[in-house]
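Undergrad: If you want the building blocks of each chain, they are given just below.
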Amino acid sequence: MIRRAQFKKPRNKLEESEISFHPPIIKDNLCCNCPSCKKIVFLEDLKNNLGVCPICSKHLKIKARERIQYIADADTFEELFGDLKSNNILNFPDYDQKLSASQDQSNENEAVITGVCEINDIKCCIFAMEPFFMMGSMGSVVGEKIARLFEYASERKLSVIGFTISGGARMQEGMLSLMQMAKVSAAVNRHSKLGLLYIAILCDPTAGGVTASFAMSADIIAAEPQALICFAGPRVIEQTIRQKLPPNFQKAEFLLEKGFIDIVMPRYDQKKFLTDMLKIHTFNQEKNAV
Amino acid sequence: MNAYEKLLKARSKDRATFSRFLNTIFDNFYEFHGDRRFADDLAVIGGVAYLGDLPVTVIGLEKGIDTKDKIKRNFGCANPEGYRKALRLMKQAEKFKRPVICFIDTSGAYCGIGAEERGQGQAISQNLTEMASLECPVIAIVIGEGGSGGALALSVADEIWMLENAVYSVISPEGCASILWKDAKRAQEAAECLKMTAEDLLNLGIIDKIIQEKNFDQTTKDIKELLTNTIKKLMSLSVKDLINNRYFKYRNMGNRFI
Ligand SMILES: [Zn+2]
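Respectively, the protein sequence lines represent chains A and B.
Using my numbering, the first residue of the first sequence is number 3, and each one after it goes up by one.
Using my numbering, the first residue of the second sequence is number 9, and each one after it goes up by one.
This is chain B alone, in the form it adopts within the complex:
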């Protein structure tokens, strides 16, 4: 599969969205709502659950299952209050010393009048800043589409993983092609150029791991095992080392090309 085919697959109707991963990997999930400032953004689902016998905070971007659900969840495009809800839950996890696991599947942060009025840029910026020094382990998994700043706002993490056929890009290839070549139809070409597949991003040193896609049960079993082992490893670090490692992970990203 080329990059564009992977993108189409990541966007396809049949692909499992966050809630299916949530229900399969975790037990006893309680959803917590609202950003305590404006509203409850349904594009973001978050709360507490058990990973095996370990309490964790799980947050994810949900595109929606059927048409009604997709509209309710704004097709997984979060507004500022979605990012603020996510940050609130992360700070709660930090307080109670449990790890945070974020699932990414969005074409991007929502762009609309309300989103701008309520500070989409500020909300994302604050997440990037706070997540950089969050005093608990954070793992981000891109399960479908990782759309630009709207995905980054939930993926400043100690480890970033991607499913084999997931994509993560600075801009949609359609957007890229229409800006660069004034022709959205050249999206396929743009998708290649942008280096958005899991394999490309592993080679560039941006992600840490690719999770092979088998049947859903096996894939989620693998994720569960990986999460359990990685969290164990991260929990054994001192807070100082954890934060330092995360700082230098981002600090050094791409520096071998400078």
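Isolated chain A (complex conformation):
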């Protein structure tokens, strides 16, 4: 039997998809509602629990800087390329306002933070995307910072750890944002050909052009529990095929089952995991260097 959907002309792919970014709803200075289980959670508890809901274990969105703080040894993070800021290259309507509102909201210059740090005394490069800056979308500056980080790591023979959270390419920069996918992929490829390690940890959500480039090109791909990881967002697919999607579809555990990620890694175990991976994968390189 042929389903009706097969005769429908496929809809155009949406790059920056409809994926929503729910921060915890702050009720007062002390507590908030978990966006997943809706229960009231003390902010202090949430912070002590690395931004994971103590009731339902939902891994909530946290700021890129907080994430780096959880992973890097104290006082070892040195930010690189932090001054780069986006311009409204195409004179896209309202983009200037969106940029400055995002800068205020996130307290960051752009949707990714890049730098070097130590993880249990192992030096490495690290990047973390910022969900509170235009949904972590990738424009020219995001692409440039990540490409520069891989080049920096290549020159110094360092591993790269990357946390991806992104709605995809930033449509306000048109084709320049799409080309960042090719640019970063090329830089990752060069780093890889030098025998260097890249570990990606995919966080909720990772979508569109980020999934279709550097999120999926790491040596080791881990994901946070229940993170949405997709190329096309669930709503676009529902509209295309006119069917409801199964509940676990495009979640980290689904990708694990389908063979597209190596491991699901809860936030509290990530530092140990990264330390072990850095040790295991650089063991023979260091031995040969001696």
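A couple of the hints might just be wrong.
Capping the alpha-carbon separation at 25 Å, the derived lysine to any residue pairs in SDA-like fashion look like this [said to hold, decoys possible]:
#1 A:Lys-253 with A:Gln-241
#2 B:Lys-248 with A:Glu-157
#3 A:Lys-87 with B:Leu-212
#4 A:Lys-159 with B:Gln-134
#5 B:Lys-99 with A:Gly-261
#6 A:Lys-87 with B:Lys-99
#7 B:Lys-257 with A:Asp-85
#8 B:Lys-190 with A:Ser-102
#9 B:Lys-232 with B:Arg-19
#10 B:Lys-257 with A:Ser-156
#11 B:Lys-190 with A:Leu-247
#12 B:Lys-103 with A:Ser-194
#13 B:Lys-257 with A:Lys-253
#14 B:Lys-257 with A:Ile-91
#15 B:Lys-248 with A:Lys-100
#16 B:Lys-78 with B:Lys-103
#17 A:Lys-195 with B:Lys-257
#18 A:Lys-159 with B:Ser-141
#19 A:Lys-195 with B:Glu-138
#20 A:Lys-260 with B:Ile-121
#21 A:Lys-100 with B:Leu-212
#22 A:Lys-195 with B:Lys-105
#23 B:Lys-103 with B:Glu-172
#24 B:Lys-105 with A:Asn-191
#25 B:Lys-190 with A:Asn-191
#26 B:Lys-248 with A:Arg-192
#27 B:Lys-80 with A:Tyr-270
#28 A:Lys-260 with B:Glu-138
#29 A:Lys-260 with B:Arg-45
#30 B:Lys-193 with A:Pro-95
#31 B:Lys-190 with A:Ile-243
#32 B:Lys-17 with B:Arg-28
#33 B:Lys-248 with B:Glu-143
#34 B:Lys-105 with A:Leu-196
#35 A:Lys-159 with B:Leu-212
#36 A:Lys-125 with A:Lys-274
#37 B:Lys-99 with A:Gly-197
#38 B:Lys-190 with A:Phe-94
To be clear, the hints were calculated from the coordinates, so they are not data collected in a lab.
All figures in this text were calculated on a predicted structure; none of them were measured in a lab.
Assemble the complex: chain A is given as a structure, and chain B with the ligand must be docked to it using the hints.
TA: This is chain B with the ligand only, laid out in the frame that chain A set:
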């Protein structure tokens, strides 16, 4: 013509699709099928042929000619296996040291349950990575619609050309308008904002050449001549220079705006 009119033209029924270019520009084409993993995606046509007296690998996205053919080819929207077939043929070209020519005409990579289950994102990502260091010349020509990541997955190249009335965009203007303004009817406005015409993209430094559209015979004759000359030039480079040039082409794209 404004951007939206060009988009409509690029999408129109009368516009020549890839197979017509394939039959007119190349000789002795043999189609090769399948990704050796899952299936043969008919949205992608690929194989070997002669460009004049030069053996080449030709790959393209085919939207389909009539209704039956369009359904068979999923309207030119490839699934992961289509991108994997394309990559397999590119690696084959690399092994036998022949150039790769890709023709782009798609509204985008297919979004469906199967496409996601089989790793649409992973398939595109792998093409971007591998094409960055493919050790043979690659030329990409956008002949109709260049739809986002699904088009990019076949257009990491030493040179990117566009037909005069082709478009290439990060998102469809309909999608853009419905996300930004919750109103797909403002697509015309979005099309202007997105800078998706060949002229815009040449100015932004994203493409290398615009091919004027004359009658079909003349246009394909021009393409054939351009391909022959450009491939000759690219084949004279060392592999190291070829890869380096391609790296910096993408590495520097848009950097004058940062
Ligand atoms: Zn909860």
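Undergrad: Now tell me if each hint is right for this structure.
TA: Status of each hint after checking the structure:
Restraint check for Lys-253 (chain A) and Gln-241 (chain A): the C-alpha separation of about 19 Å stays at or below 25 Å, so the hint holds. Annotation: proposed proximity of Lys-248 (chain B) to Glu-157 (chain A) holds, straight-line Cα distance about 18 Å (limit 25 Å). Proximity of Lys-87 (chain A) to Leu-212 (chain B) is assessed by CA-CA distance (about 19 Å); at most 25 Å being required, the pair is judged to hold. About 23 Å separates the Cα atoms of Lys-159 (chain A) and Gln-134 (chain B), which keeps this hinted pair within 25 Å; it holds.
A hinted pair counts as satisfied when its Cα atoms are at most 25 Å apart, and Lys-99 (chain B) with Gly-261 (chain A) qualifies at roughly 23 Å. Restraint check: the Cα-Cα separation between Lys-87 (chain A) and Lys-99 (chain B) comes to about 38 Å, which exceeds 25 Å; the hinted pair is violated. As the CA atoms of Lys-257 (chain B) and Asp-85 (chain A) are separated by approximately 24 Å, the hinted pair is consistent with the 25 Å bound. Taking the CA atoms of Lys-190 (chain B) and Ser-102 (chain A), the gap is near 22 Å; set against the 25 Å cutoff, the hint holds.
Distance restraint check for Lys-232 (chain B) and Arg-19 (chain B): the Cα-Cα separation of roughly 23 Å lies within the 25 Å cut-off, and the hinted pair is therefore satisfied. For the hint linking Lys-257 (chain B) to Ser-156 (chain A), the alpha-carbon distance of about 19 Å falls within 25 Å, and the restraint holds. Proximity of Lys-190 (chain B) to Leu-247 (chain A) is assessed by CA-CA distance (about 23 Å); at most 25 Å being required, the pair is judged to hold. Restraint check: the Cα-Cα separation between Lys-103 (chain B) and Ser-194 (chain A) comes to about 21 Å, which is no more than 25 Å; the hinted pair holds.
Between Lys-257 (chain B) and Lys-253 (chain A) the CA atoms are separated by roughly 35 Å; this puts the pair beyond 25 Å, and the hint is violated. For the suggested pair Lys-257 (chain B) and Ile-91 (chain A), the alpha carbons sit about 19 Å apart, so the restraint of at most 25 Å is met. Taken as a hint, the Lys-248 (chain B) and Lys-100 (chain A) pair is broken in the structure, with Cα atoms around 42 Å apart against an allowance of 25 Å. For the hint linking Lys-78 (chain B) to Lys-103 (chain B), the alpha-carbon distance of about 33 Å lies beyond 25 Å, and the restraint is violated.
Between Lys-195 (chain A) and Lys-257 (chain B) the CA atoms are separated by roughly 19 Å; this keeps the pair inside 25 Å, and the hint holds. For the hint linking Lys-159 (chain A) to Ser-141 (chain B), the alpha-carbon distance of about 20 Å falls within 25 Å, and the restraint holds. For the given pair, Lys-195 (chain A) sits about 11 Å from Glu-138 (chain B) by alpha-carbon distance, which is consistent with the 25 Å threshold. Of the pairs offered as hints, the one joining Lys-260 (chain A) and Ile-121 (chain B) holds, with about 12 Å between alpha carbons and a cut-off of 25 Å not exceeded.
For the hint pairing Lys-100 (chain A) with Leu-212 (chain B), the CA-to-CA distance comes to about 22 Å; that is within 25 Å, so the pair holds. Distance check on the hinted pair: Lys-195 (chain A) and Lys-105 (chain B) sit about 21 Å apart at the alpha-carbon level, within 25 Å; holds. For the hint linking Lys-103 (chain B) to Glu-172 (chain B), the alpha-carbon distance of about 33 Å lies beyond 25 Å, and the restraint is violated. Between Lys-105 (chain B) and Asn-191 (chain A), the direct Cα distance comes to roughly 21 Å. Compliance with the 25 Å bound is thereby established for this hinted pair.
The straight-line distance between the Cα atoms of Lys-190 (chain B) and Asn-191 (chain A) is roughly 38 Å, outside the 25 Å bound, and the hint therefore fails. With a C-alpha separation of about 13 Å, the suggested pairing of Lys-248 (chain B) with Arg-192 (chain A) holds against the 25 Å cut-off. A threshold of 25 Å between alpha carbons decides the hint, and for Lys-80 (chain B) with Tyr-270 (chain A) the separation of about 48 Å lies outside it, so the pair is violated. Taking the CA atoms of Lys-260 (chain A) and Glu-138 (chain B), the gap is about 22 Å. The hint holds against a cut of 25 Å.
Our distance criterion of 25 Å between C-alpha atoms is met by Lys-260 (chain A) and Arg-45 (chain B), whose separation comes to about 14 Å. Between Lys-193 (chain B) and Pro-95 (chain A) the alpha-carbon distance is near 17 Å, which keeps this suggested pair within the 25 Å criterion. Restraint check for Lys-190 (chain B) and Ile-243 (chain A): the C-alpha separation of about 21 Å stays at or below 25 Å, so the hint holds. The suggested pairing of Lys-17 (chain B) with Arg-28 (chain B) holds, with an alpha-carbon distance near 17 Å, which does not exceed 25 Å.
For the hint pairing Lys-248 (chain B) with Glu-143 (chain B), the CA-to-CA distance comes to about 8 Å; that is within 25 Å, so the pair holds. Of the pairs offered as hints, the one joining Lys-105 (chain B) and Leu-196 (chain A) holds, with about 24 Å between alpha carbons and a cut-off of 25 Å not exceeded. Distance hint between Lys-159 (chain A) and Leu-212 (chain B) is unfulfilled; the C-alpha atoms sit about 34 Å from each other, more than 25 Å. Restraint check: the Cα-Cα separation between Lys-125 (chain A) and Lys-274 (chain A) comes to about 15 Å, which is no more than 25 Å; the hinted pair holds.
Among the hinted pairs, Lys-99 (chain B) with Gly-197 (chain A) is consistent with the structure: their alpha-carbon atoms are about 21 Å apart, no more than 25 Å. Note on Lys-190 (chain B) and Phe-94 (chain A): the hinted pairing holds, with a Cα-Cα distance of about 16 Å set against a maximum of 25 Å.
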